[in-house]
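From first to last, the protein sequence lines are chains A and B.
Using the numbering used here, you'd call the opening residue of the first sequence number 4 and step up by one each time.
Using the numbering used here, you'd call the opening residue of the second sequence number 10 and step up by one each time.
Simulated from the structure, these hints should not be mistaken for laboratory data.
Each residue gets a CB set at the ideal place from its N, CA and C atoms; glycine is no exception.
Treat the hints loosely; a few may be bogus.
[As the list claims (entries may be wrong)] Over 12 Å on every C-beta distance to chain A, these chain B residues come out as not near it, computed from the model: (1) F80; (2) Q97; (3) L124; (4) A158; (5) I169; (6) Q170; (7) E214; (8) F221; (9) G230; (10) D245; (11) D261; (12) G262.
[As the list claims (entries may be wrong)] No farther apart than 16 Å at their CA atoms in a straight line, the calculated lysine to aspartate or glutamate pairs in the EDC-like style are these: (13) A:K36 / B:D165; (14) B:K174 / A:E371; (15) A:K320 / A:E275.
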Amino acid sequence: MSAIQPENADTLPKLLLAQVARWGDRRVAIREKEFGIWQSHSWRDSARHVERIGLGLASLGFRRGDKIAVIGDNRPQLYWTMLAAQALGGAPVPVYQDSIAAEMHYVIDHSESRMVICEDQEQVDKILEMKDKLPAVELVIYDDPKGMRHYAYPFLLSLERVQDLGLRFAAEHAGFWEAEVGKGRAGDLAIINYTSGTTGFPKGVMISHGALISTARSFLEIEPLDERDEIMAYLPMAWIGDSFFSMAVAFLASCTVNCPEDASTVRQDFREIGPTMTFAPPRIWENILSQSQVRIEDADRLQRALTKFFLPLGMRKAKLELEGQPVPARLRALCAIGRWLVFEPLRDQLGFRRIRSAITGGAALGPEMMQFFRALGVNLKQLYGATECCAPATLHRDGQVKLETVGAPLPGVEITLSPQGEVLIRCGGLFSGYYKNPEQTAATLQAGWLHTGDAGLFDPDGHLVIIDRVKDVAKLDDGTVFAPQYIENKLKFSVYVKEAVAVGNERPYVAAMINIDMEVLANWAERRGLAYTGYTDLAQNPATYRLIHDEIRRTNETLAPSQRVKRFAILHKELDPDDAEITRTRKLRRGFINERYASIISALYDRAATSVTVRATVTYEDGRTSETERQVRIMDVEGA
Amino acid sequence: MSRPLTESGRAGVVAGPHAEPLLRVESITVRFGAVQALSDVSVDIHRGEIVAIIGPNGAGKTTLLNVISGFYHPQQGHIVFQGRDRTQLKPFDVAALGIARTFQNVALFKGMSVLDNIMTGRLLKMRGHFLLDALYWGPARRQELEHRAAVERVIDFLEIQAIRKTPAGRLPYGLQKRVELARALAAEPHLLLLDEPMAGMNVEEKEDMSRFILDVHDEFGTTIALIEHDMSVVMDISDRVVVLDYGRKIADGPPEIVRKDQAVMDAYLGVAHD
């Protein structure tokens, strides 16, 4: 296998072996924090694990074309298992570990996975509960044995045992592994990513090795990375963004992937590693922003005063730069001081000290968010793409970052607009189809073009601008066009607003339903000595309404008069993927929301109404449901 | 978690009634002045058991725990641990024998980090040397690393990685309780005494704590005696229930039998005593 160079490897396992030949034990492939210490695995060590797991799976009957479902947080062991399955000509099916039982069952069942690998007892228990309804699943493998000492199921075994079987298998089948890896072809299925979609059942997006590798290659042309780069693997493994960056990009560029200790320690781990490149969807950036605002509020008076003085200056400078306008000398001088006093320390606090490029994608990011991070000196850029094209299709280039755009197409990616303004993509990274769903495949992939369902346009510099989903672009009853998502993103820039739903299709004006950010609001309420019993109580508090009202009024000032939010309500509950109101990647499912909150929406257009009674069904994590009845206030926005 | 915390052997297998109990409390009596806190109470705790001690307020539950951990000394009776009489030992010596405990009111060092708090659980296992410790050199360094590794395994086990460096006093109550359990576990005890581990917790926190107690028992084979008021928890996790009332033992047996015991029902429902 030593003949393979990273440059011409056509599958991920071959790429791994090529990196072993190149780096051996000299570079770290993957690192994980465990027992308080970062534990490193070199390329050779990683490959050894992949081989043992792979041979173990082979001895347990895993064959070419088989699928293995993968459930858990980002762990080296799970990445190794994915590669092991790929080396044998099979495909991993990563599953969102926080999805409810019905969704998890659908994905495992639909993908016909013969094996399931779970991170720990929590996931194993979920599978055990639905095992009777998963006829195809023959084996359940777990990594962390804690709490399962007394589990005696014939189909349950530890990853350690799988590796032992692999060692034994290796002794009896010399050359088997190399031969299996060698059989892999670029067109082979590498992974099935189920996208929750904003409507209907999840669809299994089939991605080939060739698609992943060619897309990674295009990406690296714009964002060169090498063996000294560090990336953090903390996004859900079931999201294409993680497979793309933590596997394809990392393997091609031979950079080090870091797995956090626990979901709750990600920010600390981030700071310890100081990644040089990172990719995250807007909700993560929003989250970091609100956390840093809370931290600023909690800081001592001097720090707070300095931050409040310098941050707006930094954001103004960032804005001018983004608009390509000259920065006055005075502002530049002040920002130089600000960098020393505020921006650098804050950036360090957030773990962005070494960051060279930070990328956002998956949904639109508010322009103000962009200014905030760029003011700190974080090179934040927009990426646009879809699961169906391995994540990226366009990306901002350094020095050509523009607020409202998602950048120009990557090398080798063609983008065109349909007569309806829909964004169409053609490139080497396109998916091979939806698993067992030829109708949807035919509808999405027409004559080699991926129909994204996004409405967009090109600006004079050739940058793509995404307006909204084609089907969501709406008209007020006087015919004025408005893009709900655009307004929502503006509203969500407020640290107090977690989610926003803009409505107004065939109505006289735009109105909004708001989800407050509980973490920030709780802090706010505490400082004001405001007593509340829980989310609903705080959401419906008149003081909260006044606060949100002022935030919306401020947002309205940046919107054209016809786009301004005239009335709003704060929802009594958080929009939740378990209630099918948003997807796991936090995209609004407008159909469901319009149906479920119909009473609130009609009250928003009944100018006499000041509150409305809602009855809601709540679905708990275990699938039980219950009925609740709440009062929700409606408020006019002044000056709109 | 692949390595066991303790070498105390496996677990869950409750020794038969004829085997020597891990701990034998033999007809002890404790008086505080005129108050008879415990009168002639005998309890055997076998290896690998989870024993719940229940009873109304003032029944003598905490006194019993305090006697076992050497905090009080009984006026009469004996305490035999691992076959040897331990009646007159001090708490320090009891801890050295492998009996660790948590307290009804959280007793952590509030200004110290969670990590340092748990590290104190290792104190009895440390062999100090003034000069080497001061220089942090040779054996001192090796020892520190070993203890830290043991503490990290406990942190991983109880899933408190995110608060490792947080001062204990800043944590919510439920987490403080978990840190206390961590400190007790760090001592690698043979017998773990838990005084109301779930007091003041909400349902979810109680479920978490119950799971951790069962996991500790499963994973390390630690024998556990706990005081608890929440009867559903007691019924769920204990192998045996000992009921105290007015300093006397009124029942001792499997939860499903004790629950139906007339004397127990009287004690809880409040029947006039003569």
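Consistency of the hints with the structure:
Separation of F80 (chain B) from chain A is adequate, the least Cβ-Cβ distance of about 33 Å exceeding the 12 Å criterion. Residue placement check: Q97 (chain B) keeps its beta carbon more than 12 Å from all beta carbons of chain A (closest about 38 Å). Annotated as non-interface, L124 (chain B) brings its C-beta within 12 Å of a C-beta of chain A; the closest such distance is 8 Å. Its beta-carbon lying about 7 Å from the closest one in chain A, A158 (chain B) breaks the requirement of being farther than 12 Å from that chain.
I169 (chain B), annotated as away from the interface, has a beta carbon of chain A within 12 Å; the closest lies near 9 Å. Not every Cβ of chain A is farther than 12 Å from the Cβ of Q170 (chain B); the closest lies at roughly 5 Å, contradicting the non-interface assignment. With a cut of 12 Å on Cβ distances, E214 (chain B) stays outside the contact zone with chain A, its closest approach being about 16 Å. At roughly 10 Å from the closest C-beta of chain A, the C-beta of F221 (chain B) falls inside 12 Å, breaking its exclusion from the interface.
With 12 Å as the threshold on Cβ separation, the claim that G230 (chain B) sits away from chain A is violated: the shortest Cβ distance comes to roughly 10 Å. With a minimum CB-CB distance of about 15 Å to chain A, D245 (chain B) clears the 12 Å threshold, and the non-interface call stands. Residue placement check: D261 (chain B) keeps its beta carbon more than 12 Å from all beta carbons of chain A (closest about 26 Å). The beta carbon of G262 (chain B) is kept farther than 12 Å from every beta carbon of chain A, the shortest such distance being approximately 23 Å.
This hinted pair checks out: K36 (chain A) and D165 (chain B) have alpha carbons roughly 11 Å apart, not beyond 16 Å. A threshold of 16 Å between alpha carbons decides the hint, and for K174 (chain B) with E371 (chain A) the separation of about 33 Å lies outside it, so the pair is violated. With a C-alpha separation of about 29 Å, the suggested pair K320 (chain A) and E275 (chain A) falls outside the 16 Å cut-off, and the hint is violated.
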